[in-house]
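2 protein chains.
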Amino acid sequence: MKIYEFTQAPNPRRVRIFLAEKGITVPLEQVNLATADNRKPEFLKINPMGGLPVLELDDGTHIAESVAVCRYFEETKPEPPLFGVGAKDKAIVEMWQRRMELEILSMTAGSFRNTSDFFKGRIPQVKEYGEVCKNAALKRLEWLDTELANRQFIAGDRYTIADITALVGIDFGRTTGIKIGENQKNLGRWHQAVSSRPSAKA
Amino acid sequence: MKIYEFTQAPNPRRVRIFLAEKGITVPLEQVNLATADNRKPEFLKINPMGGLPVLELDDGTHIAESVAVCRYFEETKPEPPLFGVGAKDKAIVEMWQRRMELEILSMTAGSFRNTSDFFKGRIPQVKEYGEVCKNAALKRLEWLDTELANRQFIAGDRYTIADITALVGIDFGRTTGIKIGENQKNLGRWHQAVSSRPSAKA
Numbered sequence: 318m319k320i321y322e323f324t325q326a327p328n329p330r331r332v333r334i335f336l337a338e339k340g341i342t343v344p345l346e347q348v349n350l351a352t353a354d355n356r357k358p359e360f361l362k363i364n365p366m367g368g369l370p371v372l373e374l375d376d377g378t379h380i381a382e383s384v385a386v387c388r389y390f391e392e393t394k395p396e397p398p399l400f401g402v403g404a405k406d407k408a409i410v411e412m413w414q415r416r417m418e419l420e421i422l423s424m425t426a427g428s429f430r431n432t433s434d435f436f437k438g439r440i441p442q443v444k445e446y447g448e449v450c451k452n453a454a455l456k457r458l459e460w461l462d463t464e465l466a467n468r469q470f471i472a473g474d475r476y477t478i479a480d481i482t483a484l485v486g487i488d489f490g491r492t493t494g495i496k497i498g499e500n501q502k503n504l505g506r507w508h509q510a511v512s513s514r515p516s517a518k519a
Numbered sequence: 318m319k320i321y322e323f324t325q326a327p328n329p330r331r332v333r334i335f336l337a338e339k340g341i342t343v344p345l346e347q348v349n350l351a352t353a354d355n356r357k358p359e360f361l362k363i364n365p366m367g368g369l370p371v372l373e374l375d376d377g378t379h380i381a382e383s384v385a386v387c388r389y390f391e392e393t394k395p396e397p398p399l400f401g402v403g404a405k406d407k408a409i410v411e412m413w414q415r416r417m418e419l420e421i422l423s424m425t426a427g428s429f430r431n432t433s434d435f436f437k438g439r440i441p442q443v444k445e446y447g448e449v450c451k452n453a454a455l456k457r458l459e460w461l462d463t464e465l466a467n468r469q470f471i472a473g474d475r476y477t478i479a480d481i482t483a484l485v486g487i488d489f490g491r492t493t494g495i496k497i498g499e500n501q502k503n504l505g506r507w508h509q510a511v512s513s514r515p516s517a518k519a
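Protein chains in written order, with the working numbering: chain D, 318 to 519; chain X, 318 to 519.
I should point out that these hints are in silico values taken from the structure, not numbers from a laboratory.
Check each hint, because a few of them may be wrong.
[As the list claims (entries may be wrong)] Listing some non-contacts, in silico: residues in chain X with all C-beta distances to chain D over 10 Å:
1. Q347
2. R356
3. V443
4. H508
[As the list claims (entries may be wrong)] Think about it this way: if two alpha-carbon atoms lie no more than 30 Å apart in a straight line, the pair counts; the simulated DSS-like pairs of lysine-lysine are:
5. D:K456 / X:K357
6. D:K362 / X:K362
7. X:K357 / D:K407
8. X:K407 / D:K362
9. D:K319 / X:K496
10. X:K496 / D:K405
11. D:K357 / X:K319
12. D:K444 / X:K405
13. X:K362 / D:K394
14. X:K444 / D:K405
15. D:K496 / X:K444
16. D:K357 / X:K496
17. D:K394 / X:K339
18. D:K357 / X:K456
19. X:K405 / D:K518
20. X:K362 / D:K496
All residues carry an ideal CB built from backbone N, CA and C; glycine is no exception.
My request is simple: use the sequences and hints to build the entire structure.
If you want it as structure tokens, here you go:
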């Protein structure tokens, strides 16, 4: 078993934090996004979408998509639960994981993809859409601050995959100047707490 | 228990098909997107994101996000399994559900949102980004056709939530002229098969 990843990219970080919280160690193999090794034919056989991370199982099966990789380990090592416990809690965690992905991480990533020199010539960049993403992300941080007024973590009183997605999404916002506002005290307190966990350095 | 939804929109259709496959009936309450009832203060208390569908449980809990709603019912009524069985299969289904959402549904929806009169004045539309989405969707349909050469359904030999997301995503493409090509025989065969299931009319 091993995981293809690239340490500087946001999605592989989600899986590394998840594994650290679970206390699981998996060998990591770097696929260099900077030199577009993820677009070479041998890697496209592993993941036709070209994305990282990808989990390779011992039987040769490849699991792409960070949340799918996390799901695999949630099933094989349920403790501590990071996707919720019981029908209602699992649904709530999934709702928040998706909100953090669609409203925060996709927006900070969309801002970077559409405006950075890194993606110039690699994808059809639309700078105006990058600005839309940036504005959306900033608005969502304001909202998230109000949500965190009455609970410790994103999906309730327990740390879950939703916190991981939010942390990675917000931290990646630094690439285009998207930051937690000084007046966003609840979000600042949460960010300080999740960043202090050893997993955040994974 | 009830579900807030809007029959013409793609995400509520995902949940209706899922429930039909499970043989579950839940009362539906319409929230009119055409008159922006989902942006009114009383609905934003139910889902601050304004999206549909939302499941309301008998204890007053609101579960937004279509996949989270589906997850709730997968947990409360596991048969027939639509999210996979066992760690590896669940991870594979999640990978394909995400690919169908990110590569197909998000692209057909992105094409519509950024170019249609329906969203004019509601969101900051970027027509050029709508074209990027349309081109991406068309390219992904070509790829999906090759993937379906050797298996019956999107995630393997069993119908799953990945088929639901793909069906809804592809059908929604009609709004902006994104269609399965006549030469895409595998994809055409699959589309015919999943469209023939009674759930497709839900």
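Hint check:
With a least CB separation of 21 Å from chain D, Q347 of chain X remains clear of the 10 Å interface cut-off, as annotated. With 10 Å as the threshold on Cβ separation, the claim that R356 of chain X sits away from chain D holds: the shortest Cβ distance comes to roughly 14 Å. Not every CB of chain D lies more than 10 Å from the CB of V443 of chain X, the least distance being 4 Å, so the non-interface label is violated. The Cβ of H508 of chain X lies farther than 10 Å from every Cβ of chain D, with a closest approach of about 20 Å, so its non-interface assignment holds.
With a C-alpha separation of about 18 Å, the suggested pairing of K456 of chain D with K357 of chain X holds against the 30 Å cut-off. Between K362 of chain D and K362 of chain X, the direct Cα distance comes to roughly 46 Å. Violation of the 30 Å bound is thereby established for this hinted pair. Using a Cα cut-off of 30 Å, the hinted pair K357 of chain X and K407 of chain D holds, with the two alpha carbons roughly 28 Å apart. Restraint check for K407 of chain X and K362 of chain D: satisfied, since their Cα atoms lie roughly 21 Å apart, inside the 30 Å limit.
Proximity of K319 of chain D to K496 of chain X is assessed by CA-CA distance (about 38 Å); at most 30 Å being required, the pair is judged violated. At most 30 Å may separate the alpha-carbon atoms for a hinted pair to count; K496 of chain X and K405 of chain D exceed this at roughly 37 Å. Restraint check: the Cα-Cα separation between K357 of chain D and K319 of chain X comes to about 48 Å, which exceeds 30 Å; the hinted pair is violated. Distance hint between K444 of chain D and K405 of chain X is unfulfilled; the C-alpha atoms sit about 39 Å from each other, more than 30 Å.
Between K362 of chain X and K394 of chain D the CA atoms are separated by roughly 36 Å; this puts the pair beyond 30 Å, and the hint is violated. Restraint check for K444 of chain X and K405 of chain D: the C-alpha separation of about 39 Å exceeds 30 Å, so the hint is violated. A threshold of 30 Å between alpha carbons decides the hint, and for K496 of chain D with K444 of chain X the separation of about 28 Å falls inside it, so the pair holds. As the CA atoms of K357 of chain D and K496 of chain X are separated by approximately 29 Å, the hinted pair is consistent with the 30 Å bound.
With a C-alpha separation of about 28 Å, the suggested pair K394 of chain D and K339 of chain X falls inside the 30 Å cut-off, and the hint holds. Restraint check for K357 of chain D and K456 of chain X: the C-alpha separation of about 18 Å stays at or below 30 Å, so the hint holds. Pair hint K405 of chain X plus K518 of chain D holds up; C-alpha atoms about 28 Å apart against a cutoff of 30 Å. Straight-line distance between C-alpha atoms of K362 of chain X and K496 of chain D comes to about 26 Å, which keeps the hinted pair within the 30 Å bound.
In summary, the numbered hints that this structure violates are 3, 6, 9, 10, 11, 12, 13, 14.
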